[in-house]
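S.K.: Letter by letter, the chains look like this.
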Amino acid sequence: MNNSIKKILLSFLMMIVIASASAQENESIEMASGLYQSGKIYVVVIVISLIFIGITGYLISLDRKISKLEKEAKNK
Amino acid sequence: MKKNWWKIIAVVFVLYTLIAGFLIPVPAQAILHETIRNLYFHVPMWFSMMTILFISVWHSIKYLNKSDIQSDIIATQAAHVGMLAGALGLITGSFWAKYTWGAWWVADTKLNGAAITMLIYLAYFVLRGSIDEEQKRARIAAVYNIFAYVMLLVFLMVLPRMSDSLHPGNGGNPGFNKYDLDSNMRMVFYPAVIGWILFTVWIFTLKVRIEKLKRKNLIDE
Numbered sequence: 292m293n294n295s296i297k298k299i300l301l302s303f304l305m306m307i308v309i310a311s312a313s314a315q316e317n318e319s320i321e322m323a324s325g326l327y328q329s330g331k332i333y334v335v336v337i338v339i340s341l342i343f344i345g346i347t348g349y350l351i352s353l354d355r356k357i358s359k360l361e362k363e364a365k366n367k
Numbered sequence: 005m006k007k008n009w010w011k012i013i014a015v016v017f018v019l020y021t022l023i024a025g026f027l028i029p030v031p032a033q034a035i036l037h038e039t040i041r042n043l044y045f046h047v048p049m050w051f052s053m054m055t056i057l058f059i060s061v062w063h064s065i066k067y068l069n070k071s072d073i074q075s076d077i078i079a080t081q082a083a084h085v086g087m088l089a090g091a092l093g094l095i096t097g098s099f100w101a102k103y104t105w106g107a108w109w110v111a112d113t114k115l116n117g118a119a120i121t122m123l124i125y126l127a128y129f130v131l132r133g134s135i136d137e138e139q140k141r142a143r144i145a146a147v148y149n150i151f152a153y154v155m156l157l158v159f160l161m162v163l164p165r166m167s168d169s170l171h172p173g174n175g176g177n178p179g180f181n182k183y184d185l186d187s188n189m190r191m192v193f194y195p196a197v198i199g200w201i202l203f204t205v206w207i208f209t210l211k212v213r214i215e216k217l218k219r220k221n222l223i224d225e
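Here the protein sequences come in this chain order: A and B. Here our numbering is used: the first residue of the first sequence is 292, the next is one more, and so on. Here our numbering is used: the first residue of the second sequence is 5, the next is one more, and so on.
Since the hints were made in silico from the structure, they are not lab data. One or more of the hints may lead you astray.
Said to hold, decoys possible - Straight-line distance between alpha carbons at most 27 Å, and here's what the computed DSS-like set of lysine-lysine pairs gives: (1) K140/B x K356/A; (2) K362/A x K218/B; (3) K359/A x K7/B; (4) K359/A x K140/B; (5) K140/B x K66/B; (6) K367/A x K7/B; (7) K359/A x K216/B; (8) K70/B x K211/B; (9) K356/A x K6/B; (10) K220/B x K66/B.
Generate the whole structure from the sequences, applying the supplied hints.
M.R.: Rendered as structure tokens:
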């Protein structure tokens, strides 16, 4: 009688351990899936792209200005 | 336009990085979560820095060979832009560390090595500022620059590999193979590195051209 109670208790304990272990496995890693589902991530991408395009445009205009100055310096 | 094809590549690749870097799915990893996307932006800064500082030391060696002051201008401006990329790498890395490791800064071989490298290059500018005579300044700075690049290799490439570190790609691993395994990320990461390197090189060429114009104006006046 005593032995069987021990066995039941032990198996119960094992079940808890296994359950908690598998629960940890199933626990998904939190990602920004909501942002992807709602499609609002595209807003972020557009904003960042616009900023980068702006900086690029600025660099191109700088590049051209310097080219002009170089030409003027050559013709001097 | 013919000479500018690489600038177009730079812009297209970085733009692709910004779009694909946010939209292409990444592996779900504990602790990192979405911050794994920082790989497309933080790591290329260091690649850019190492490339540009290599250009710098290359022209320093060239200066020592031929004593052409143009090489000195290139070496200085390259070191400037290299410091910009390095500073951005440090700051972004610090933010990334705060939200994954829990601290702005940890006493780690890689992190401290990066900080020491920055200080060594700051000393390069202090050294330049302290010498008035142009030829002398260029020569001493060129010699110091070679020393600085060797120290950079030691602090960023050698020492971190010899000890364990929180930072990926250390403790004997030559790359960041853990993330590299994911082919999705590789599709964004490689163009990102090329794009950012070319982009910083573009900024560097602009700086060199401005500096040369400045010198020319000074001589003409």
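S.K.: Work down the list of hints and note, for each, if the structure agrees.
M.R.: Going down the list of hints, with the structure as the test:
no., hint, verdict
1, K140/B x K356/A, "33 Å, violated"
2, K362/A x K218/B, "14 Å, holds"
3, K359/A x K7/B, "16 Å, holds"
4, K359/A x K140/B, "33 Å, violated"
5, K140/B x K66/B, "15 Å, holds"
6, K367/A x K7/B, "24 Å, holds"
7, K359/A x K216/B, "14 Å, holds"
8, K70/B x K211/B, "22 Å, holds"
9, K356/A x K6/B, "18 Å, holds"
10, K220/B x K66/B, "21 Å, holds"
When the structure is compared with the earlier hints, violations turn up for hints 1, 4 and for no others.
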